[in-house]
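A.B. asks: One-letter residues, chain by chain:
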Amino acid sequence: MSATPARTSARTRISTRAVAVGIFVVTVILAGVVSFYAASTPDGLTKVSEDEGFADTETEHGTGDGPFAGYGSSFIDDERLSGGVAGVVGVVVVLALAGGLTLVLRRRSPESGHGSGHTAESTSS
Amino acid sequence: MHVPDGFLDAPTSVATGVVAAGVVATSLRKARAELDDRTAPLAGLVAAFIFATQMLNFPVAGGTSGHLMGGAIAAVLVGPWTGLLATAVVFLVQSLLFADGGITALGTNVLLMGAVTVAVGWGVFRAVQTVLPKTTAMVPIAAGIGAFASVPVASVAFVGLYAVGGTADIPLDNLTTAMVGVHLLIGVGEGIITFLAVGSVIAVRPDLVHGARRVLEARELEVRTTRAAA
Numbered sequence: 173m174s175a176t177p178a179r180t181s182a183r184t185r186i187s188t189r190a191v192a193v194g195i196f197v198v199t200v201i202l203a204g205v206v207s208f209y210a211a212s213t214p215d216g217l218t219k220v221s222e223d224e225g226f227a228d229t230e231t232e233h234g235t236g237d238g239p240f241a242g243y244g245s246s247f248i249d250d251e252r253l254s255g256g257v258a259g260v261v262g263v264v265v266v267l268a269l270a271g272g273l274t275l276v277l278r279r280r281s282p283e284s285g286h287g288s289g290h291t292a293e294s295t296s297s
Numbered sequence: 094m095h096v097p098d099g100f101l102d103a104p105t106s107v108a109t110g111v112v113a114a115g116v117v118a119t120s121l122r123k124a125r126a127e128l129d130d131r132t133a134p135l136a137g138l139v140a141a142f143i144f145a146t147q148m149l150n151f152p153v154a155g156g157t158s159g160h161l162m163g164g165a166i167a168a169v170l171v172g173p174w175t176g177l178l179a180t181a182v183v184f185l186v187q188s189l190l191f192a193d194g195g196i197t198a199l200g201t202n203v204l205l206m207g208a209v210t211v212a213v214g215w216g217v218f219r220a221v222q223t224v225l226p227k228t229t230a231m232v233p234i235a236a237g238i239g240a241f242a243s244v245p246v247a248s249v250a251f252v253g254l255y256a257v258g259g260t261a262d263i264p265l266d267n268l269t270t271a272m273v274g275v276h277l278l279i280g281v282g283e284g285i286i287t288f289l290a291v292g293s294v295i296a297v298r299p300d301l302v303h304g305a306r307r308v309l310e311a312r313e314l315e316v317r318t319t320r321a322a323a
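Chains as they are written, first to last, in our numbering: chain A, 173 to 297; chain B, 94 to 323.
Hints are computed from structural coordinates only; laboratory data are not their basis. Fair warning: there could be bad hints in the mix.
Straight-line distance between alpha carbons at most 20 angstroms, and here's what the computed EDC-like set of lysine to aspartate or glutamate pairs gives [unchecked claim]:
#	chain 1	residue 1	chain 2	residue 2
1	A	Lys-219	A	Glu-230
2	A	Lys-219	B	Glu-310
3	A	Lys-219	B	Asp-300
A short, non-exhaustive set of chain A residues, derived as facing chain B with CB atoms under 7 angstroms [claimed, not checked]:
#	residue
4	Ser-207
5	Ala-210
6	Gly-216
7	Ala-227
8	Thr-229
9	Phe-240
10	Ala-241
11	Ser-254
12	Val-257
13	Gly-259
14	Gly-262
Every beta carbon over 12 angstroms from chain A, so not counted as near; a handful from chain B, in silico [stated by the list, open to error]:
#	residue
15	Thr-223
16	Leu-225
17	Met-231
Glycine included, C-beta positions come from ideal geometry on N, C-alpha and C.
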């Protein structure tokens with residue numbers, strides 16, 4: 173085995189940026205295109221609630237008449253486009269919220285000294 | 094398994110909301126330790142990926158479908174606390190923007206599909222990891238097994254909540270059988286998707302996968318020891 177600590181510098185490793193772009197592209201394709209082909213039968217809980225007879229206890233949803241309710245875009249007629257746009261909007265909103273949150277959490281903690289010293293790469297040896 | 098408004102009564106929904114808020118608050122504190130230069134940029138993307146994958150209902154037996162819950166995948170990729178936050182953001186956006194999952198049931202959904210699947214997914218992943226060989230190739234397998242286990246457990250947790258605060262009088266044994274039965278099948282899908290997704294990242298950059306760290310560190314120690322001995 174060649175002694176290559178995978179953690180620090182593999183020979184030609186794919187950059188973190190490239191991995192991030194790759195995940196983003198796959199995510200947008202899944203939400204924007206592939207989602208059209210998803211099964212439209214009721215999901216596990218919905219089906220069970222129908223079979224066991226408590227589906228009708230569901231009450232009206234507070235944002236049920238929003239522009240993207242039910243993963244469609246109410247302002248677009250074409251079914252494929254309507255769902256695709258809603259999916260991409262969702263991806264962008266989730267990415268902004270979750271990405272922003274982790275960014276804030278990270279900035280507020282300038283190198284906590286606990287744990288296994290993952291952040292100390294630059295100062296080793 | 095998004096719980097809509099009305100399935101659970103108000104006291105139960107308030108209680109799950111309070112507990113979920115506590116879990117999120119704890120996660121906000123603990124996630125900082127997980128968010129280093131490598132995982133932080135990926136956490137938001139993992140949340141977006143889970144959102145996208147939850148749109149992809151796959152058919153299971155008898156006119157029923159299921160979709161990813163995502164707790165295991167998130168925990169293995171970015172760590173359990175960050176993973177909980179990622180799933181919570183997904184459920185928040187789904188409820189408010191897409192009317193998927195009740196607004197009063199947001200706490201319930203964060204607990205059932207977030208906290209339970211993160212805890213079970215991560216716990217089983219860790220347990221399986223200690224048994225399997227310590228190689229990065231085993232990480233996606235352990236993740237898939239954790240993901241598979243997390244879904245039926247979440248469905249049992251729903252039955253537990255329904256027993257406490259369900260708004261209809263449903264025989265619990267029937268409910269349990271029906272919920273666990275269908276969610277065992279959905280769990281298989283969860284396991285496969287998790288195996289593929291974690292496997293894809295492991296293939297290109299194993300060091301970016303939170304759940305692979307122990308394996309990589311152990312390997313590095315071995316390399317050092319061998320060098321020292323030589």
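A.B. asks: For every hint, state whether the structure bears it out.
C.D. replies: Hint check:
{"no.": "1", "hint": "A:Lys-219 / A:Glu-230", "result": "holds (13 angstroms)"}
{"no.": "2", "hint": "A:Lys-219 / B:Glu-310", "result": "violated (45 angstroms)"}
{"no.": "3", "hint": "A:Lys-219 / B:Asp-300", "result": "violated (41 angstroms)"}
{"no.": "4", "hint": "Ser-207", "result": "holds (4 angstroms)"}
{"no.": "5", "hint": "Ala-210", "result": "holds (4 angstroms)"}
{"no.": "6", "hint": "Gly-216", "result": "holds (4 angstroms)"}
{"no.": "7", "hint": "Ala-227", "result": "violated (9 angstroms)"}
{"no.": "8", "hint": "Thr-229", "result": "holds (5 angstroms)"}
{"no.": "9", "hint": "Phe-240", "result": "holds (5 angstroms)"}
{"no.": "10", "hint": "Ala-241", "result": "holds (4 angstroms)"}
{"no.": "11", "hint": "Ser-254", "result": "violated (13 angstroms)"}
{"no.": "12", "hint": "Val-257", "result": "violated (12 angstroms)"}
{"no.": "13", "hint": "Gly-259", "result": "holds (6 angstroms)"}
{"no.": "14", "hint": "Gly-262", "result": "holds (5 angstroms)"}
{"no.": "15", "hint": "Thr-223", "result": "holds (18 angstroms)"}
{"no.": "16", "hint": "Leu-225", "result": "holds (18 angstroms)"}
{"no.": "17", "hint": "Met-231", "result": "holds (15 angstroms)"}
Checked against the numbered hints above, the structure violates hints 2, 3, 7, 11 and 12; every other hint is satisfied.
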